[in-house]
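Full structure from sequences and hints, please.
The primary structure of each chain is shown beneath.
2 protein chains.
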Amino acid sequence: MTTPAYRRLSVEERRRQLLEAALSLFAQRVPEEVSLDDVAEAAGVSRPLVYRYFPGGKQQLYEAALRSAAEELEQCFAEPPEGPLTLRLSRALDRYLAFVDEHDAGFSALLQGGSVVETSRTTAIVDGVRRAAAKHILDHLAVRDPGPRLRMTVRMWITAVEAASLIWLDNGKEPPLAELRDWLVEQFVAALVASAARDPQTARVVKAALALETGEGAVAALARRVLPVIEDAARLL
Amino acid sequence: MTTPAYRRLSVEERRRQLLEAALSLFAQRVPEEVSLDDVAEAAGVSRPLVYRYFPGGKQQLYEAALRSAAEELEQCFAEPPEGPLTLRLSRALDRYLAFVDEHDAGFSALLQGGSVVETSRTTAIVDGVRRAAAKHILDHLAVRDPGPRLRMTVRMWITAVEAASLIWLDNGKEPPLAELRDWLVEQFVAALVASAARDPQTARVVKAALALETGEGAVAALARRVLPVIEDAARLL
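Protein sequences, first through last, are from chains A and B.
For the first sequence, the positions run 289 to 525 when this note's numbering is used.
For the second sequence, the positions run 289 to 525 when this note's numbering is used.
Note that these hints are calculated values from the structure, not bench results.
Take the hints with a grain of salt, since some may be wrong.
As the list makes no split between identical chains, a pair holds if one copy fits it or if it spans any two.
[Claimed, not checked] Calculated pairs, DMTMM-like style, for lysine to aspartate or glutamate (alpha carbon to alpha carbon, straight line, at most 20 Å):
| # | residue 1 | residue 2 |
| --- | --- | --- |
| 1 | K423 | E362 |
| 2 | K461 | D487 |
| 3 | K461 | D389 |
| 4 | K461 | D392 |
| 5 | K495 | D325 |
| 6 | K461 | E367 |
| 7 | K495 | E519 |
| 8 | K423 | D458 |
| 9 | K461 | E390 |
| 10 | K461 | E351 |
| 11 | K346 | E329 |
| 12 | K495 | D520 |
| 13 | K423 | D326 |
| 14 | K495 | D392 |
Right, dumping it as structure tokens:
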């Protein structure tokens, strides 16, 4: 839906337009290299108008853009609680990685820190997204009261996904998104299985999750590929 | 070795003494809450003397303390290239986690970012430690030219270890250090094995590493604990 040039935008529409212009600039350049003039130009408005909406200047605009991106990111995680867990995770990761792909430099700058616009507030926004991601995963695992080991496993995997996303952007988005997604799903399966070895709650979660898998699913494919690599380890048992 | 009170410290000794006082304060409080007066008091010297050694004030002192901690941390990774890899990793993690334990709040503040004393220089110091850790691991895996998937696996695990360390400090250092260490070793084994499923180089590394393991080692213990959890998955094959 395009907005006719002669119609005045509502306050909310204007605000959204400025945030989108800012987000697309932050996706191409680190925050330090984006000025309010750039944002005004990209949105086709005057600099004073940008200041009218964001009197706190670039810092306020950056935080508002970040909040809007965080909301969008949290929507990536929503997934109906049906079918094999690896398939649900795979779909959520598809959306998450598309988000990383789109926001690119802005995503890196934010997670890598050290940016002049990074504050305890921006850190809190990012941590909120991490917490939301962990909650979604634990909900899908149908765990009401996650113990420390299961929570640590999930949080470690989320951090590892962030690290992988940054490396992926650094590597010119190689391997292709679908390959990275499958590999991240497999890493999650491996992390959970290893934790299950020491934690009865995680073991129950893994057994329940395995019961939902099919011979065509991600776990079956992983198992078929892993067996030849570890067959020699049988001598250790 | 204690320094007699009447002997004047050499420049290098004094500098070291001030850095140690700073590091122990940063271990108890976030950098924002440590003043140069606190450092002077902890070291039993005057504030002007602290300024003489660190004319750049707290920022310079913080960066120097960080550099000194980074060197200490990198020494944790040194391990002779002998015996099962899980045992070498376990010993290095023992030293790393003792470092985390000792530096406590300062370690958290640094990795969590958002601190007023965090700059691109401090971020570069921390990244240097991460790169050193990755290099040590790849050396032990005897990989001359690591491909993208093996590198990504190693870097993801390093990030996951950092996340686990922060969670561990947050959780009042529970579980006990030795338990966390064993679990992190197992997570590394799991991550490598899962990557081996898709990457021939990682598969070779895993096979070579398994050949060094014994029936009393970490991999054997992990395998014995994991098998009962995943036995139902045999139907997927």
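These are the hints, each one checked on the structure:
no., hint, result
1, K423 with E362, "within (11 Å within a copy, 35 Å between copies)"
2, K461 with D487, "between (36 Å within a copy, 18 Å between copies)"
3, K461 with D389, "within (8 Å within a copy, 37 Å between copies)"
4, K461 with D392, "within (10 Å within a copy, 36 Å between copies)"
5, K495 with D325, "neither (56 Å within a copy, 57 Å between copies)"
6, K461 with E367, "neither (25 Å within a copy, 34 Å between copies)"
7, K495 with E519, "between (22 Å within a copy, 9 Å between copies)"
8, K423 with D458, "between (28 Å within a copy, 18 Å between copies)"
9, K461 with E390, "within (11 Å within a copy, 38 Å between copies)"
10, K461 with E351, "neither (26 Å within a copy, 33 Å between copies)"
11, K346 with E329, "within (14 Å within a copy, 40 Å between copies)"
12, K495 with D520, "between (25 Å within a copy, 8 Å between copies)"
13, K423 with D326, "neither (37 Å within a copy, 41 Å between copies)"
14, K495 with D392, "neither (37 Å within a copy, 37 Å between copies)"
Checked against the numbered hints given earlier, the structure breaks hints 5, 6, 10, 13 and 14 and satisfies all the rest.
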